[in-house]
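Start from chain A and add chain B according to the hints.
Residue numbers (my numbering), protein chains in the order written: chain A, 27 to 317; chain B, 310 to 666.
If you are wondering where the hints come from, they were derived from the structure by calculation, not from laboratory data.
In this text the structure is predicted, and so the values were computed from the model without any measurement.
Using N, Cα and C, we set each Cβ at its ideal position, and we do this for glycine too.
One should not assume that every hint holds.
Said to hold, decoys possible - Straight-line Cα separation of at most 35 Å, DSBU-like style, residue types lysine-lysine; simulated pairs:
(1) A:Lys-201 - B:Lys-536
(2) A:Lys-212 - A:Lys-201
(3) B:Lys-536 - A:Lys-145
Said to hold, decoys possible - Non-contacting residues of chain B with respect to chain A, defined by C-beta distances greater than 10 Å in every case (computed):
(4) Ser-327
(5) Lys-330
(6) Ala-336
(7) Asn-420
(8) Gly-489
(9) Tyr-500
(10) Ile-517
(11) Lys-536
(12) Leu-612
(13) Leu-621
(14) Leu-626
(15) Ile-646
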Amino acid sequence: MDYFLNQLINGICQGAIYALMAIGYSVVVGVVGMVTFTHGEVIMIGAFAAYYMFFLSGNQILLGLVVSFLASGVLGYFVYKVCYERFFNAPRHVSLLCTIGFSMLIKNLGQIIFGPNQKPMLDVVQQNFFKIGVVQISQLQIVIILTVVIMASLLSIVFNKTKFGIMLKAVSQDKTASYMVGIDVKKVAMLGNCLGCGLGGIAGLLLAIYYQTLQATMGGPLGMKAFASSVLGGLTDVRFSALGGLCIGIIENLGITISSASFRDMFAFGFLILVLIIRPQGFVSKKGAKV
Amino acid sequence: MKRTSDSKWVTPAMLIASYKKSPQAQAIERFYHKHRTVLMLILIAFLCIFPFFTNKSYVLGVICRIFLYSILAGALNTINGYSGQFCLGIAGFFCVGAYSEAILATAAKMNFWVILPIAGLLTAAIGLLVALPTLKMQGIYLAIVTLGFSEIARLIALNWTSLTGGPMGIKGIPVPVIFGFAIRSTRHFYYLYLAVAILFLVVTSRVIRSRIGRAWMSIREDQLAAKSLGVYTSRYKALNFMYGAFWAGIAGAIYAPYVRFIDSTYFTLDEGWNILSMMIIGGQGTLVGPIVGSVIVNYLTELLRPIGQWRLVAYALLIIVMMWWRPQGLAGASNSIVAVKGDTKLRKNSPRKEVQA
Numbered sequence: 027m028d029y030f031l032n033q034l035i036n037g038i039c040q041g042a043i044y045a046l047m048a049i050g051y052s053v054v055v056g057v058v059g060m061v062t063f064t065h066g067e068v069i070m071i072g073a074f075a076a077y078y079m080f081f082l083s084g085n086q087i088l089l090g091l092v093v094s095f096l097a098s099g100v101l102g103y104f105v106y107k108v109c110y111e112r113f114f115n116a117p118r119h120v121s122l123l124c125t126i127g128f129s130m131l132i133k134n135l136g137q138i139i140f141g142p143n144q145k146p147m148l149d150v151v152q153q154n155f156f157k158i159g160v161v162q163i164s165q166l167q168i169v170i171i172l173t174v175v176i177m178a179s180l181l182s183i184v185f186n187k188t189k190f191g192i193m194l195k196a197v198s199q200d201k202t203a204s205y206m207v208g209i210d211v212k213k214v215a216m217l218g219n220c221l222g223c224g225l226g227g228i229a230g231l232l233l234a235i236y237y238q239t240l241q242a243t244m245g246g247p248l249g250m251k252a253f254a255s256s257v258l259g260g261l262t263d264v265r266f267s268a269l270g271g272l273c274i275g276i277i278e279n280l281g282i283t284i285s286s287a288s289f290r291d292m293f294a295f296g297f298l299i300l301v302l303i304i305r306p307q308g309f310v311s312k313k314g315a316k317v
Numbered sequence: 310m311k312r313t314s315d316s317k318w319v320t321p322a323m324l325i326a327s328y329k330k331s332p333q334a335q336a337i338e339r340f341y342h343k344h345r346t347v348l349m350l351i352l353i354a355f356l357c358i359f360p361f362f363t364n365k366s367y368v369l370g371v372i373c374r375i376f377l378y379s380i381l382a383g384a385l386n387t388i389n390g391y392s393g394q395f396c397l398g399i400a401g402f403f404c405v406g407a408y409s410e411a412i413l414a415t416a417a418k419m420n421f422w423v424i425l426p427i428a429g430l431l432t433a434a435i436g437l438l439v440a441l442p443t444l445k446m447q448g449i450y451l452a453i454v455t456l457g458f459s460e461i462a463r464l465i466a467l468n469w470t471s472l473t474g475g476p477m478g479i480k481g482i483p484v485p486v487i488f489g490f491a492i493r494s495t496r497h498f499y500y501l502y503l504a505v506a507i508l509f510l511v512v513t514s515r516v517i518r519s520r521i522g523r524a525w526m527s528i529r530e531d532q533l534a535a536k537s538l539g540v541y542t543s544r545y546k547a548l549n550f551m552y553g554a555f556w557a558g559i560a561g562a563i564y565a566p567y568v569r570f571i572d573s574t575y576f577t578l579d580e581g582w583n584i585l586s587m588m589i590i591g592g593q594g595t596l597v598g599p600i601v602g603s604v605i606v607n608y609l610t611e612l613l614r615p616i617g618q619w620r621l622v623a624y625a626l627l628i629i630v631m632m633w634w635r636p637q638g639l640a641g642a643s644n645s646i647v648a649v650k651g652d653t654k655l656r657k658n659s660p661r662k663e664v665q666a
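Looking at chain A on its own, in the form it has when it is part of the complex (with noise of 0.2 Å):
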């Protein structure tokens, strides 16, 4: 029981991190309205940024934090221009081979650039574990749990209250409405890219000092893994997302008790699979943007 409901912590802070990888995502695919391949490798930017920034500075988190999000939203930029702006009015595949040709060059250029093996991550955050009955917790856990809590609600403070915020959900609802109301909705759908970018950048440097390691290949299961958080919400509903990246890193963590460790990424698609056939457009009955 004890191993159980400790693994229950790990998967909260993991599903913790998955969340911010959803919440990204849905971001990204409620803006743009097209379905993207590379949000893996924008995570994966994220954690090298972070890496190296670590390396100059120290254990500057914060700095880390700033660095990651703006490197991965600098990445988002360059995904919109190539594969989203010729395509609004293209075919849905267009675009989307685009993206997948897009990760294919970000993931082999990192395993250029950043070699293609395992990198150790500096300790960021000092191991200390706190024991509260049988739950034993990390600080590191808590670090990573307050950070994604901050990062929605920062989120959420954004789309609610301020004008930008707005506009974001305007063009995620209806984007020809919004073009005759006076948004300039190919530099919204720009920013809200980045925005959502930046924000998986941030999940890569949660998810590169929670494992300790980094690789330039560890984007593809992860952007599967926002998109299987992602389709809980129809793939556009924020807080749904959020959830089902909570889930996913619940139920993964709970099942590889069960079984061995090697089967983890089998939940997440057991996970989506499950989802897409109770529940294919999400849980989410408001209207909203169609992908």
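Showing chain B alone in chain A's frame:
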């Protein structure tokens, strides 16, 4: 010269279009259509005697790969190019086919020619299982589920040690024997691959001209219209998926005895991207497209061998370039939805239409 696009400049596409209208080009086209069967037979005869001109098993090995990937990219093309569904997990089907051949041949000691259809049908059944939960949904879910399936198949092959040998793989796969003659060397496999590739092309060209193929293409162009005209879209989409999976399984089953040893590293997602890039570069929605793609990509692979890692970068750039300027690929179906680029005149004038990826 009639302007075919918005651009002020003379584009290569316009040059090609004007060349196609010239009398010489039309004469060549008429000649081709008149003597099509004869030309095909000459080509096949040339491919049959080709191994006698070269002694290098390296060259034959490369051509074997071209045949194999023509089948795989062609199988993917029957799914993506003809019915407009979006499958990314072709490596998973390839994996299932190869492992079922290897297991049945080593553990059950069955004859290769018995296993071949069994492996294909098994893969087709698994293809149906993959397609079922997503039939009523938009294409992107199918894409991600097939991608997940590909990884799941690889993970199972890696972890189910008692059946698949796990990380050790399966070694000593027996070679196929036909009328007491063992197909052993690269030259023998050349003929096996050629035969299967021709069989694939003949069967597929018959299927896509039949009622089934026309139903697939109508689904690709407009699913709603196809449905309203009485096409059972779900049924035909499932059938289409099974058909593609069947040929990918056959390709896996002829691949396993050729390499004699398989493990899960042959069937990673990179392999899937490799096949996908062949289909995209070569062309979607035509029979010849995947063959062109297979020739180009395999030739590039050999050409770019010295620069190793940059190979996949080159494929990625080629995919992006193709999507920007020629989304149907070099030899793709130019009169269909797969050929529609971004803001073209066609799209601007047509009423807004939801196209499913």
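Does A:Lys-145 lie within 35 Å of B:Lys-536 when you go C-alpha to C-alpha?
53 Å, violated
Run the C-beta distances from B:Ile-517 to all of chain A and say if the shortest one exceeds 10 Å.
19 Å, holds
Quick one: work out the minimum CB distance from B:Gly-489 to chain A and report holds if it exceeds 10 Å, violated otherwise.
44 Å, holds
Can we trust that B:Leu-612 is non-interface, i.e. its beta-carbon lies farther than 10 Å from all of chain A?
Given a closest Cβ separation of 17 Å, the condition holds.
Status of B:Leu-626, Cβ more than 10 Å from any chain A Cβ
Non-interface label on B:Leu-626 violated, nearest chain A Cβ at 6 Å vs cutoff 10 Å.
Minimum Cβ-Cβ distance from B:Asn-420 to chain A exceeds 10 Å
Label holds. Min Cβ-Cβ 34 Å, cutoff 10 Å.
Chain A versus B:Lys-330 - minimum CB to CB distance exceeding 10 Å, so not interface
Fine: 27 Å to the nearest Cβ keeps B:Lys-330 off the interface.
Just want to verify: B:Ile-646 was marked as not at the interface with chain A; is every Cβ pair farther apart than 10 Å?
6 Å, violated
Measuring Cβ to Cβ, find out whether B:Lys-536 lies farther than 10 Å from everything in chain A.
Since the minimum Cβ distance to chain A is about 18 Å, B:Lys-536 lies beyond 10 Å and the statement holds.
The output says B:Tyr-500 does not contact chain A. Does that hold with a beta carbon cutoff of 10 Å?
Given that every Cβ of chain A is farther than 10 Å from that of B:Tyr-500, nearest at about 34 Å, it holds.
Sort out whether A:Lys-201 lies within 35 Å of A:Lys-212, counting only the CA atoms.
9 Å, holds
Report holds if the minimum CB distance from B:Ser-327 to chain A is greater than 10 Å, and violated otherwise.
26 Å, holds
Violated hints, in rising order: 3, 13, 14 and 15; the structure is consistent with all others.
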